[in-house]
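**Student:** Here's the letter readout for the chains.
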Amino acid sequence: MSFNRRTFLGTATATAAALAAPMVMAAGHGRPRVVVVGGGAGGATAARYIAKDSAGEIDVTLIEPSRSYYTCFFSNLYLGGFREMSSLGHSYGGLASEYGINVVHDWAVGVDRDAKTVALAGGGSVGYDRLILSPGIDFVDGAVEGWDLSAQNAMPHAYKAGSQTELLRAQILAMPQGGTFAMVAPPNPYRCPPGPYERVSMVAHTLREINPTAKILVADPKDKFSKQGLFEEGWAKHYGGMIEWIGSDFGGGNVSVDPAAMTLSIDGEVTKVDVCNVIPAMKAGRIAELAGVTEGNWAPVHAADMSSRIDPNIHILGDASAQGDMPKSGFSANSQAKVCANAVRGALTGSTVFPARFANTCWSLIDTDDGVKVGATYEATEEKIAKVDGFISETGESADVRAATYQESIGWYDGITSDMFG
Amino acid sequence: MRASELMMSLFLLAAAGMAAADQGGDPELGAEVYRQCSGCHQIGEGAVNRVGPHLNGVFDRPAGQVEGYRYSDALQRAAAGGMVWNHETLDQFLKDPRSLISRTRMSYRGLANQADRDNLLAYLRIYSDSPADIPEAAPTSAAMDHSVAPEVLAIVGDPAYGEYLSGECTSCHQANGEASGIPSITRWPTEDFVIAMHAYKEGIRPHPVMQMMASRLSDEEIAALAAFFQDVD
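Sequence lines, in order, name chains A and B.
Quick note on this note's numbering: the first sequence kicks off at 1 and runs consecutively.
Quick note on this note's numbering: the second sequence kicks off at 423 and runs consecutively.
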């Protein structure tokens, strides 16, 4: 990088800001201000790129309640015993110390779009010239009959990584011999399309070692799912007979749960289960709704710069956005963040804005050294982010290819997390 | 005097013993193993630095000393600590590069098979024993698995555009040049970078993600990326 971090933290900050001042489009308050809400793959990346590339010309504030961020991606590998939880945790210290980002550990609880301020749960508010919302997902109320957030200890969702993931693993390890692990899979669209099925694979991997007569039951409101051929091949090969998947054709979408009784009803048939992982239908993180930039469950955006179709001063990244063809994934959010950062910087400082380009690749682990992947490239059109080209791992690939794919996924994890946090 | 003579004799004996240990390897078989290295390292007469430093005279050379090669910070630290490439350190590095130098930019998982390493070391030894007399027929291969038209190689890339485009690379390849399962792409000679990307673009190199990413890059965009990554520090 041509940008020198030490210089940036010193007097160069003021100098750069002064030099840039004439072209700044901030309304009478010095450096233009960008506020980013949500410090995940979208928000952390956007904050870092804007701070890094503007070299002090833009004042960047990141609002994120968690002191440590645990990546949802790779949290299934923790369930399979392939990663320690600590290896998934990342601090925001580098974004503050090396990039000069004002990291505020608080909840954003409201947006005043006329005053251009974000209200914080701890009191006070932060003003912005551009607001970037990257809040991830929340769950749709009443999506699974019998389940709400008060039931998440009895029946964890584990779809926001951290304590929920640790709870789910503890429950899996405590299952009685020959017990049943159940999953209620979510309807489209949702975060990480292959995620539930990689999770099933990782749970099967753990159970095969410690509880080989256990069963896994998946109730799914969909009639097909991401990488289905690859997962089903792997499940038959590695976990023969352990996993039963019930799709919508067989009532997989007609479910209710009773967290007190630990029962799951699928199309009227009630089963007593030992662990029940309920992954409800999803919607944009609540702050998007509070800001009034959602239509239905998601926040529609223009593909060229990820700006809201409702408010041009707000951009929405990642899972929360309705953008078109990209899957809701950490990789997608990271890709969208860089396009958005380039556009926001251009709008605020006059720097060159290059055309949008997006990409995504999702790796999944089925068993030890059996990794698969799917990916695509995308471009911005008037109506959406549109797919250009793609690929998917093939069934019947050699063990060497699958092992190399898994190694590659480990490299990707290090790559994207250093792209997010520096 | 006697004592020092004795020491010298012991030293020579020890040196002879170490040389004998090397002789367990077969340099001809080592030449086959070396093909894995030749994408990045040249060896033999006329060898120059490419993605990696040339390997002539590597035995008993202090680490990080090849003129004109820009080493990773990690390797420079090892060099500052006085590391020397000898049979032991080379064997360890080849077995598991990151166990010896944890943040090396060398994107290689390691050679687990002891016989392969012995053969490879025997092969490398040929180009070290007598640097003045390097075999003429030696391969000087580089990342030349594909030919790119001279006018395409001659395009001077725009590093500013390359920096923007690099965002597509750094979702996987680390900008600081570290590698763990995905290769380092920083500080490559632009020619090697351009050739590699065109090889993916045309489907000659097999990786599906790289083929997809390269397929929509124009000649100018590839040159821009090469120009940017060449000087990433």
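What the hints contain is simulated information worked out from the structure, not anything from laboratory work.
All values reported here derive from a predicted model rather than from experimental measurement.
Where is the CB? At the ideal position from N, CA and C, for every residue including glycine.
Please note that a few of the clues may not be correct.
Only pairs whose alpha carbons sit at most 25 Å apart, straight line, appear in this in silico SDA-like list of lysine to any residue [claimed, not checked]:
{"id": "1", "chain 1": "A", "residue 1": "Lys-215", "chain 2": "B", "residue 2": "Met-632"}
{"id": "2", "chain 1": "A", "residue 1": "Lys-224", "chain 2": "B", "residue 2": "Ser-637"}
{"id": "3", "chain 1": "A", "residue 1": "Lys-387", "chain 2": "B", "residue 2": "Pro-630"}
{"id": "4", "chain 1": "A", "residue 1": "Lys-387", "chain 2": "B", "residue 2": "Arg-638"}
{"id": "5", "chain 1": "A", "residue 1": "Lys-384", "chain 2": "B", "residue 2": "Gly-503"}
{"id": "6", "chain 1": "A", "residue 1": "Lys-387", "chain 2": "B", "residue 2": "Gly-625"}
{"id": "7", "chain 1": "A", "residue 1": "Lys-224", "chain 2": "A", "residue 2": "Arg-83"}
{"id": "8", "chain 1": "A", "residue 1": "Lys-160", "chain 2": "A", "residue 2": "Pro-259"}
{"id": "9", "chain 1": "A", "residue 1": "Lys-384", "chain 2": "B", "residue 2": "Glu-624"}
{"id": "10", "chain 1": "B", "residue 1": "Lys-517", "chain 2": "A", "residue 2": "Phe-82"}
{"id": "11", "chain 1": "B", "residue 1": "Lys-517", "chain 2": "A", "residue 2": "Leu-149"}
{"id": "12", "chain 1": "B", "residue 1": "Lys-517", "chain 2": "A", "residue 2": "Asp-400"}
{"id": "13", "chain 1": "A", "residue 1": "Lys-387", "chain 2": "B", "residue 2": "Lys-517"}
{"id": "14", "chain 1": "B", "residue 1": "Lys-517", "chain 2": "A", "residue 2": "Ser-398"}
{"id": "15", "chain 1": "A", "residue 1": "Lys-387", "chain 2": "B", "residue 2": "Asp-641"}
{"id": "16", "chain 1": "A", "residue 1": "Lys-222", "chain 2": "A", "residue 2": "Ile-210"}
{"id": "17", "chain 1": "A", "residue 1": "Lys-387", "chain 2": "B", "residue 2": "Met-632"}
{"id": "18", "chain 1": "A", "residue 1": "Lys-384", "chain 2": "B", "residue 2": "Ser-637"}
{"id": "19", "chain 1": "A", "residue 1": "Lys-160", "chain 2": "A", "residue 2": "Gly-178"}
{"id": "20", "chain 1": "A", "residue 1": "Lys-384", "chain 2": "B", "residue 2": "Val-631"}
{"id": "21", "chain 1": "A", "residue 1": "Lys-160", "chain 2": "B", "residue 2": "Pro-630"}
{"id": "22", "chain 1": "A", "residue 1": "Lys-384", "chain 2": "B", "residue 2": "Arg-627"}
{"id": "23", "chain 1": "B", "residue 1": "Lys-517", "chain 2": "A", "residue 2": "Asp-114"}
{"id": "24", "chain 1": "B", "residue 1": "Lys-517", "chain 2": "A", "residue 2": "Lys-384"}
Derived, one-sided and incomplete: chain A residues facing chain B with beta-carbon distance under 10 Å [as the list claims (entries may be wrong)]:
{"id": "25", "residue": "Thr-45"}
{"id": "26", "residue": "Tyr-239"}
{"id": "27", "residue": "Gly-240"}
{"id": "28", "residue": "Glu-244"}
{"id": "29", "residue": "Ser-248"}
{"id": "30", "residue": "Lys-338"}
{"id": "31", "residue": "Ala-359"}
{"id": "32", "residue": "Glu-408"}
{"id": "33", "residue": "Asp-414"}
{"id": "34", "residue": "Ser-418"}
So, partial list: chain A residues that the calculated Cβ filter (under 7 Å) puts toward chain B [as the list claims (entries may be wrong)]:
{"id": "35", "residue": "Leu-173"}
{"id": "36", "residue": "Thr-271"}
{"id": "37", "residue": "Asn-334"}
{"id": "38", "residue": "Gly-375"}
{"id": "39", "residue": "Thr-377"}
{"id": "40", "residue": "Thr-381"}
**Student:** Hint by hint, note whether the structure agrees.
**Tutor:** Against the structure, the hints:
At roughly 39 Å between alpha-carbon atoms, Lys-215(A) and Met-632(B) are farther apart than 25 Å, so this suggested pair is violated. At most 25 Å may separate the alpha-carbon atoms for a hinted pair to count; Lys-224(A) and Ser-637(B) exceed this at roughly 30 Å. Distance restraint check for Lys-387(A) and Pro-630(B): the Cα-Cα separation of roughly 16 Å lies within the 25 Å cut-off, and the hinted pair is therefore satisfied. Annotation: proposed proximity of Lys-387(A) to Arg-638(B) holds, straight-line Cα distance about 12 Å (limit 25 Å).
A hinted pair counts as satisfied when its Cα atoms are at most 25 Å apart, and Lys-384(A) with Gly-503(B) does not qualify at roughly 55 Å. For the hint pairing Lys-387(A) with Gly-625(B), the CA-to-CA distance comes to about 20 Å; that is within 25 Å, so the pair holds. Distance hint between Lys-224(A) and Arg-83(A) is unfulfilled; the C-alpha atoms sit about 29 Å from each other, more than 25 Å. A C-alpha spacing of about 20 Å is found between Lys-160(A) and Pro-259(A), which places the hinted pair at or below 25 Å, so the restraint holds.
For the proposed pair Lys-384(A) and Glu-624(B), the alpha carbon gap of about 29 Å is over 25 Å, so the pair is violated. A C-alpha spacing of about 23 Å is found between Lys-517(B) and Phe-82(A), which places the hinted pair at or below 25 Å, so the restraint holds. Taken as a hint, the Lys-517(B) and Leu-149(A) pair is broken in the structure, with Cα atoms around 50 Å apart against an allowance of 25 Å. At roughly 18 Å between alpha-carbon atoms, Lys-517(B) and Asp-400(A) fall within 25 Å of each other, so this suggested pair holds.
Our distance criterion of 25 Å between C-alpha atoms is broken by Lys-387(A) and Lys-517(B), whose separation comes to about 42 Å. Between Lys-517(B) and Ser-398(A) the CA atoms are separated by roughly 24 Å; this keeps the pair inside 25 Å, and the hint holds. With a C-alpha separation of about 22 Å, the suggested pair Lys-387(A) and Asp-641(B) falls inside the 25 Å cut-off, and the hint holds. Taken as a hint, the Lys-222(A) and Ile-210(A) pair is broken in the structure, with Cα atoms around 30 Å apart against an allowance of 25 Å.
Between Lys-387(A) and Met-632(B) the CA atoms are separated by roughly 17 Å; this keeps the pair inside 25 Å, and the hint holds. In summary, the hint linking Lys-384(A) to Ser-637(B) is supported, as the alpha carbons are separated by about 22 Å, within the 25 Å threshold. The suggested pairing of Lys-160(A) with Gly-178(A) is violated, with an alpha-carbon distance near 28 Å, which exceeds 25 Å. Our distance criterion of 25 Å between C-alpha atoms is met by Lys-384(A) and Val-631(B), whose separation comes to about 23 Å.
Taking the CA atoms of Lys-160(A) and Pro-630(B), the gap is near 30 Å; set against the 25 Å cutoff, the hint is violated. Of the pairs offered as hints, the one joining Lys-384(A) and Arg-627(B) is violated, with about 32 Å between alpha carbons and a cut-off of 25 Å exceeded. Distance check on the hinted pair: Lys-517(B) and Asp-114(A) sit about 62 Å apart at the alpha-carbon level, beyond 25 Å; violated. At most 25 Å may separate the alpha-carbon atoms for a hinted pair to count; Lys-517(B) and Lys-384(A) exceed this at roughly 49 Å.
The interface hint given for Thr-45(A) holds, since its Cβ lies 9 Å from the closest Cβ of chain B, which is under the 10 Å cut-off. Of the supplied interface hints, the one on Tyr-239(A) is violated, with its beta-carbon coming no nearer than about 25 Å to a beta-carbon of chain B, more than 10 Å. Interface hint status for Gly-240(A): violated, as the beta-carbon distance to the closest one in chain B is roughly 29 Å, over 10 Å. Because the beta carbon of Glu-244(A) sits about 32 Å from the nearest beta carbon in chain B, more than 10 Å, this interface hint is broken.
Contact between Ser-248(A) and chain B, as hinted, is not supported at the beta carbon level, the nearest pair being about 31 Å apart and thus beyond 10 Å. For Lys-338(A), the interface hint holds, since its Cβ comes within 10 Å of a Cβ in chain B; the closest pair sits about 4 Å apart. Restraint check, Ala-359(A) versus chain B: the minimum CB separation of about 6 Å is within 10 Å; hint holds. Interface restraint check for Glu-408(A): the shortest CB-CB distance to chain B comes to about 5 Å, inside 10 Å, so the restraint holds.
The interface hint given for Asp-414(A) is met, as the beta carbon of that residue sits about 5 Å from the closest beta carbon of chain B, less than 10 Å. The interface hint given for Ser-418(A) holds, since its Cβ lies 5 Å from the closest Cβ of chain B, which is under the 10 Å cut-off. For Leu-173(A), the interface hint is violated, the least distance from its beta-carbon to any beta-carbon of chain B being 28 Å, above 7 Å. Because the beta carbon of Thr-271(A) sits about 40 Å from the nearest beta carbon in chain B, more than 7 Å, this interface hint is broken.
Hint on Asn-334(A) holds. Least Cβ distance to chain B is approximately 5 Å, under the 7 Å limit. Because the beta carbon of Gly-375(A) sits about 6 Å from the nearest beta carbon in chain B, less than 7 Å, this interface hint is met. Restraint check, Thr-377(A) versus chain B: the minimum CB separation of about 6 Å is within 7 Å; hint holds. Taking 7 Å as the C-beta cut-off, the interface hint given for Thr-381(A) is violated, the closest approach to chain B being about 15 Å.
The structure shown violates the earlier hints numbered 1, 2, 5, 7, 9, 11, 13, 16, 19, 21, 22, 23, 24, 26, 27, 28, 29, 35, 36 and 40.
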